[in-house]
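2 protein chains.
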Amino acid sequence: MDIEEFREFGKASVDYIASYFENIRKIDVISKVEPGYLKNELPETVPLRGESWHKVLEDVDKVILPGLTHWHSPHFHAFFPTANSFPGVVGELLLSGLGSLSKDWETNPACIELEIRMMDWLGKMLGLPEEFLNESDGPGGGVIQNAASEATFLGLLCGKQRTIASQSEDQVSSKLVAYTSKESNSSVEKAGLLASVPMRLLPTDQNGSLRGRTLQAAIKKDKEAGLVPCCVVATLGTTGTCAFDNLEEIGTVCHEEGVWLHVDAAYAGAVFACPEYRHLMKGVQFADSFNFNPHKWMLVNSDCSAMWFKDTRNAEAALRVKTNLPNPSVFEPDIQHWQIPDSRRFRALKIWFVLRIYGVEGVQKHIRRQIALARFFQQLVEVDDRFEVCASSMGLVCFRVKGEDVFTRVLLDGVSKRGKIFLTPYFYREQLVVRFVICSRFTERGDILFAWREIVRVLEEQVFPCKIVVSKKRRRIRNNGTNILKVLDPSFTNIHQGINENVKVELFL
Amino acid sequence: MDIEEFREFGKASVDYIASYFENIRKIDVISKVEPGYLKNELPETVPLRGESWHKVLEDVDKVILPGLTHWHSPHFHAFFPTANSFPGVVGELLLSGLGSLSKDWETNPACIELEIRMMDWLGKMLGLPEEFLNESDGPGGGVIQNAASEATFLGLLCGKQRTIASQSEDQVSSKLVAYTSKESNSSVEKAGLLASVPMRLLPTDQNGSLRGRTLQAAIKKDKEAGLVPCCVVATLGTTGTCAFDNLEEIGTVCHEEGVWLHVDAAYAGAVFACPEYRHLMKGVQFADSFNFNPHKWMLVNSDCSAMWFKDTRNAEAALRVKTNLPNPSVFEPDIQHWQIPDSRRFRALKIWFVLRIYGVEGVQKHIRRQIALARFFQQLVEVDDRFEVCASSMGLVCFRVKGEDVFTRVLLDGVSKRGKIFLTPYFYREQLVVRFVICSRFTERGDILFAWREIVRVLEEQVFPCKIVVSKKRRRIRNNGTNILKVLDPSFTNIHQGINENVKVELFL
Chain A
1 MDIEEFREFG KASVDYIASY FENIRKIDVI SKVEPGYLKN ELPETVPLRG ESWHKVLEDV
61 DKVILPGLTH WHSPHFHAFF PTANSFPGVV GELLLSGLGS LSKDWETNPA CIELEIRMMD
121 WLGKMLGLPE EFLNESDGPG GGVIQNAASE ATFLGLLCGK QRTIASQSED QVSSKLVAYT
181 SKESNSSVEK AGLLASVPMR LLPTDQNGSL RGRTLQAAIK KDKEAGLVPC CVVATLGTTG
241 TCAFDNLEEI GTVCHEEGVW LHVDAAYAGA VFACPEYRHL MKGVQFADSF NFNPHKWMLV
301 NSDCSAMWFK DTRNAEAALR VKTNLPNPSV FEPDIQHWQI PDSRRFRALK IWFVLRIYGV
361 EGVQKHIRRQ IALARFFQQL VEVDDRFEVC ASSMGLVCFR VKGEDVFTRV LLDGVSKRGK
421 IFLTPYFYRE QLVVRFVICS RFTERGDILF AWREIVRVLE EQVFPCKIVV SKKRRRIRNN
481 GTNILKVLDP SFTNIHQGIN ENVKVELFL
Chain B
1001 MDIEEFREFG KASVDYIASY FENIRKIDVI SKVEPGYLKN ELPETVPLRG ESWHKVLEDV
1061 DKVILPGLTH WHSPHFHAFF PTANSFPGVV GELLLSGLGS LSKDWETNPA CIELEIRMMD
1121 WLGKMLGLPE EFLNESDGPG GGVIQNAASE ATFLGLLCGK QRTIASQSED QVSSKLVAYT
1181 SKESNSSVEK AGLLASVPMR LLPTDQNGSL RGRTLQAAIK KDKEAGLVPC CVVATLGTTG
1241 TCAFDNLEEI GTVCHEEGVW LHVDAAYAGA VFACPEYRHL MKGVQFADSF NFNPHKWMLV
1301 NSDCSAMWFK DTRNAEAALR VKTNLPNPSV FEPDIQHWQI PDSRRFRALK IWFVLRIYGV
1361 EGVQKHIRRQ IALARFFQQL VEVDDRFEVC ASSMGLVCFR VKGEDVFTRV LLDGVSKRGK
1421 IFLTPYFYRE QLVVRFVICS RFTERGDILF AWREIVRVLE EQVFPCKIVV SKKRRRIRNN
1481 GTNILKVLDP SFTNIHQGIN ENVKVELFL
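Protein chains in written order, with the numbering used here: chain A, 1 to 509; chain B, 1001 to 1509.
It cannot be assumed that every hint is accurate.
As the list claims (entries may be wrong) - The list that follows gives simulated cross-link-like pairs (lysine-lysine, DSS-like), each with its CA atoms no further than 25 Å apart:
{"id": "1", "chain 1": "B", "residue 1": "K1011", "chain 2": "A", "residue 2": "K11"}
{"id": "2", "chain 1": "A", "residue 1": "K62", "chain 2": "A", "residue 2": "K420"}
{"id": "3", "chain 1": "B", "residue 1": "K1282", "chain 2": "B", "residue 2": "K1402"}
{"id": "4", "chain 1": "B", "residue 1": "K1062", "chain 2": "A", "residue 2": "K11"}
{"id": "5", "chain 1": "B", "residue 1": "K1055", "chain 2": "A", "residue 2": "K365"}
{"id": "6", "chain 1": "B", "residue 1": "K1011", "chain 2": "B", "residue 2": "K1032"}
Since the hints were derived computationally from the structure, they do not count as laboratory data. Note that this is a predicted model, so its numbers are computed, not measured.
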């Protein structure tokens, strides 16, 4: 492909993306394809001879689009947002096009210096303590990671390393233990697996928040058993209900115990760009590392996960090895040693694009608007007696159909099967709830009403006709007496098998 | 930014990239900026109000470009290639524009199914054993990772997990040990740090290749000391000299000892697309995991690292945790559990673009062409009596100025300071050598001649006038008797301080 063809192909693809977003409301958010749909659409091996880009772009439309879940549809309300903005997309295009990586400063001064500055821009915009910034006098600093999972793992590794270094005892690594709440993201438990440190999942209070007393008691118990606490992962904005751990209480305990505190604010961290929410990170001065994902709620396309260390020497101690091609950098900080990979893409460029083209005001407007839309949805739920709101925070509302879990299960099934909106289930306080999140930046009040009408329609057509029939050892729920969904497992984890059958409920108690 | 502005901004950026490549020979490959150059070019905080995209794109040219190292300049001969191709750039644009991530199949059927198929396309193109493929009947399979560093770490984790599971003994994890060669990439040693497993750096033979006998002896010694070998990381294409470990010998030892074998073929793996090089991976059937980076030598823009497992159940055992939003996938394989992050970008799309638009023949032509260019450069070095070739393999030639290391050091300094071509130093068999790699896909014979003339010019102007003056305890090397570069450290690791001074050599022995 020569440069002229690239110009044509690139511009045709820009147009393709533009028209994709122009028409995004016309496509169902959930794909209707069956598992294995792609198998017969593609040859089994790489074609011997190259094909024309026209054919490839046609196939994106013909083969890929039907199997796509539309994460930026205004009707996508699952998980948390994954960022997408026009400045972010063009930033990704340019950084990929220029294709300049970096290792140390010498291998790409612009990439390293822009990343350092962007991390300071972000840190100041969130109101993080100055000691986390690259420009501070001390050893603090920030860097872009691939994902929050990786940041949590690195935070835990640093805590592990610092603890081992501080102990004279042999065999201390087999006695290490770390803590988080049972409401934390599964990636925190995974970080424990990766770092070979048992991760205790502590109970929360009634609001889903980990409290200082609970942590203190767990640490005390472990220490009495001869174990060595090395890290606490606190969450600001849990995946399930967007709850905030009590950072001030937890931080005080970590400070007193000399335990590393990593803060996972993957989704909700972006909200601190709005000063009225900063009270929720009270105690952040106790954090040793802090992470949030601009690629979630701050309009920077994935991947872009921002991580700060209060003392980057801990990261170096945990991660630095002598590189094969030794050329010590003349530039400080030498951020290549604060991450897993050897080199880094020029992701700072897309942060720069987004922050300049939106400005602080644009970012704040985006966040406040999504929170307002969530409150609007919440009001719709609250005024309907058939539902109850179980939790609500930031861009998320958790609600359920009153009564048995199975009604909510049937609602989720029905909505999912129709594919007009995308919702996710969650178990909260031992009840099944629906998570409804404002994800797409295209979502407007009209889309919230669209979603609400869809939910009510499925409720009235599929949930309400259900009747619970109790027999000796099982209760059977019938939908108009005709269709039955088998729910073999009381935790309802086999829902996705269910939606491929006719609607039919049998509940084994 | 509305959709019309996005169309303009996107297309202007496509044109910017096109004209960047049209003019790439006019720009020096190494930036001339001083450390900290960006500091005063950018405000200290995010601008309050958004700016126009025109201004931002202007600033890319004004602020970023001068500080960029041009990794795709035909005069970039450092490290190994980082891939960049027009189909790859447009693939990245589209995957970023559509912005669809995936977790399990349900969250994005197209993304999961295309990734599975692309990994099979790649595996078949390289001639990997069938049992590694997703489409095979057994438990093997492949998935895209972020980086080879991550793949090595995951391979080691799997070996660790499998070994622990197979041992009845308590406390086995503190006795684990892993092996690689001293020529392996520093990321292998880092993987040992990440996984808390000591990584032995074993000596190689005269060709930089790790042999079975050496490994066998090391394992025997460790086992006699009560340690438990869990993993070997073999390299196909070392960073220093692109040497190939003897996989057949190593694999036989691993097989007999029941030790996990991970193969790191980050750069050179791509060469197996050309059948005439497959003898270099003889023994690959012994591998438990195998990794190469399409984002190095196979034209797929970073990031895109391909990793296969012979038995993916090992990856699941090492990495799988119960996710917060439980919905077991109806689709097999459930590749979300074979990686660190929770979700994945739609990177398969750019592999698809590159492989279709190049075809097998296009990829082979690219690789063979770069190898031929390296041999052409090698011939230029070989016919010049002032130089010696120390190693040569694939797209890499290692050479040095005959005599004391300091001559090669002055050569590297001089070339680096002029910034016309980018070379890197390496220590091989205790001698300083220059690594010269064919990196850019734009590099042609004329660029090789350009590089050679540059090397000879610096040799004649700066290296040859040097004389070694021996006094009692030091030897002094003078460049025309006028300029002196201080070399304080016999390993010459402070070269980058040197190049900012006048050329002047003092060698303390």
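Here's how the hints hold up against the structure:
The hinted pair formed by K1011 (chain B) and K11 (chain A) meets the criterion: a straight-line CA distance of about 5 Å does not exceed 25 Å. Distance restraint check for K62 (chain A) and K420 (chain A): the Cα-Cα separation of roughly 21 Å lies within the 25 Å cut-off, and the hinted pair is therefore satisfied. Of the supplied pair hints, the one linking K1282 (chain B) and K1402 (chain B) is violated, its CA atoms being roughly 35 Å apart against a limit of 25 Å. Simply put, K1062 (chain B) and K11 (chain A) have alpha-carbon atoms about 24 Å apart, close enough for the 25 Å limit, and the pair holds.
Of the supplied pair hints, the one linking K1055 (chain B) and K365 (chain A) holds, its CA atoms being roughly 22 Å apart against a limit of 25 Å. Straight-line distance between C-alpha atoms of K1011 (chain B) and K1032 (chain B) comes to about 30 Å, which puts the hinted pair past the 25 Å bound.
In summary, the structure is inconsistent with hints 3, 6 from the numbered list given earlier, while agreeing with the others.
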